[in-house]
Amino acid sequence: MIEHAVKPHLTRAHVSDLMRQMVRMRRFEEKCVELYQREKIRGFLHVYIGEEAIAAGIMQALEPEDTVIATYREHGHAIARGIPMTTLMAEMYGKQEGCSRGRGGSMHVFDAKTRFYGGNAIVGGGLPLAVGTALADAMQKRARVTACFFGEGAVAEGEFHESMNLAALWKLPVLFVCENNLYAMGTALGLSESETDIHKKAESYRMHAEVVDGMDVVAVEAAARKVAAAIRAGEGPQFLECRTYRFRPHSMFDAELYRDKGEVEQWKKKGPIERFGAWLRENDILHAADLQAIETEVAAEVEAAVAFAEAGTWEPVEKLSTYVTLERAS
Amino acid sequence: MNEIAAPVRIKTTYREAVRAAIRDALNADPRAFLMGEDVGRYGGCYAVSKGLLAEFGPERIRDTPLSESAFVGAGIGAALNGMRPIVEVMTVNFSLLALDQIVNNAATLLHMSGGQFNVPLVIRMATGAGRQLAAQHSHSLEGWYAHIPGIKVLAPATLEDARGMLLGALGDPNPVLIFEHVMLYNMEGEIAADAGAVEIGKAAIRRPGRDVTLIAYGGTLFKTLAAAETLAKDGIEAEVIDLRSLRPLDTATIVGSVARTRRAVVIDEGWKTGGLSAEVTAVIMEQAFWNLDAPVARVCSAEVPIPYPRHLEQAALPQPEAIVAAARATIGR
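The listed protein sequences correspond, in order, to chains A and B. Numbered by the working numbering, the letters in the first sequence go through residues 1 to 330 in order. Numbered by the working numbering, the letters in the second sequence go through residues 1001 to 1333 in order.
I should point out that these hints are in silico values taken from the structure, not numbers from a laboratory. What you are looking at is a predicted structure, and each value in this text was computed from that prediction instead of being measured. Using N, Cα and C, we set each Cβ at its ideal position, and we do this for glycine too. Do not rely on the hints blindly, as some may be mistaken.
Chain A regions said to be covered by chain B (calculated; three or more residues, Cβ under 8 Å) [to be verified]:
1. 101–108
2. 124–137
3. 157–166
4. 319–327
Chain A with its partners taken away, still in its complex shape (with noise of 0.2 Å):
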């Protein structure tokens, strides 16, 4: 039983699945930057491609009662979590049906009813609040795990060392994802770290971290099970190092003068989707005609997320002032 819980099973609807999360992450995404060029999406505008399967392994190990907390490039964490891609899409938009009321947008997608806590677009700053809610459901005494993403750069910031620090003090049950895509928007990790094997620092604080490749959806999802089921023990915080590659610009602004196109080039050879599908097929396990399939059915749930982001309302003006406080709870 145990095993099971902890090692990836790779049945035909196991692997199908995170095939197709990956696919929808992916699909979802590119739509995203076409729309983005047709100006129905605006402000900032950060994808997911070539990362996919860190949140598609990750959420793998996740209950419905964890919680997750992500950055300001968590399309696919969102996707992966079960945010249906309608009011996802809707929220890009800035509709009043998005999951955030529109009022967030692409950086802040949140969405109570997977206890999806964000969004945050301040580098470093959901790791505080992922302290907060596992130092709640430790106090709680809830087995549930906290699941916080951020990218390597975050690692600069004196909110990662504080977090590091107070997770692993307070033994919390936090699983802590590091997406090391290598580049701090457009600065390279040697350019700004002093150590860049950043698993070692968490190791620093006490805290088991292992380093995975984040282009493997199965590592990710073996790994993710493990230290997540070590999480639920009691064992404390747990710190995936997942190397990754961002195959597209940081942002739509980013005009990538501080990387080789082949370098780029290189990665994409290792994308998760291109690798996964190549794996399944020569094994036997997927055939084309189901990678097929699941593109299909992709396509069409993209297209109806659109549909729905078009069909979808702006909030009233005279709405403006609304959320900025509560009123006094009953």
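Following the hints, position chain B against chain A.
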């Protein structure tokens, strides 16, 4: 025999009143806990939480490392996930290390989430000068926080408010910041033995008067009341308003008073420039201009970082004499 028992009054200090409120809060709600630097074993930097560790244990009187951003953020996260944290930050000066969490998270989450996630968190901190602690422990920055939509900002000045505002704040579903002036902790007096939660968000008229309205809060309230006594000796009856809540501002009470007295002096230990006193003055201009018989005056701290030597520190702060002079100037006698 007197059939109605006289209400029982007890002696207390401001410090003890805040402590009693924390004790009440923790007894009343198992979700409530106190967290901050040195709140447990040390007993609190200003001895507010002294003795509470023995009563409630280290889970609920929780000492933290010197990590303002992490423990304030953890308070926000715990509030989001069902707890009712009371976070103590030693002084407002240190709260600047947690500004990101207060301004970017506590104040915005309800709005960014479209109303899904509120943050029922109370953050207490000491503010103000008078103890010769120099420029990194003496400033009054509560006016900055009053600038931010999404949080509430309270300044208890009286023993009743020290006793009751924390409980009122804990009953509020929003993040509430409470500023306790360092010179008030030792203040002694009597309050009703059964004093409890008070309404937050409203100003109070602490002294009625007809000739001029003096608007103060927190540490300047008693200096202002002293100034009003001096004025009374010369037949000038000043009305003294205690703002109590800096956000939201109780504009109705301010405007109502000024409409009657036709003159106003705003007293604030913060600086004038871009400060809370500027906001109160602007409210009067916007809503009571045609009632005014004189320009609104202000008595605030001198525009310097608060200095260490006592004579310079006192010279930098609003004093009763300056309040009296400003009030007289508005009346012309």
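Hint-by-hint comparison with the structure:
1. Judged by the Cβ-Cβ criterion of 8 Å, the stretch 101–108 of chain A is covered by chain B as claimed, because 5 of its residues qualify and three suffice.
2. Here the stretch 124–137 of chain A counts 12 residues with a CB under 8 Å from a CB of chain B, which clears the bar of 3, and the coverage holds.
3. With a cut-off of 8 Å between beta carbons, the stretch 157–166 of chain A has 6 residues touching chain B; three or more are needed, and the interface restraint holds.
4. Coverage of the stretch 319–327 of chain A by chain B holds. Counting CB-CB distances below 8 Å, 6 residues qualify, and the rule asks for three or more.
In terms of the numbered hints stated before, the structure departs from none.
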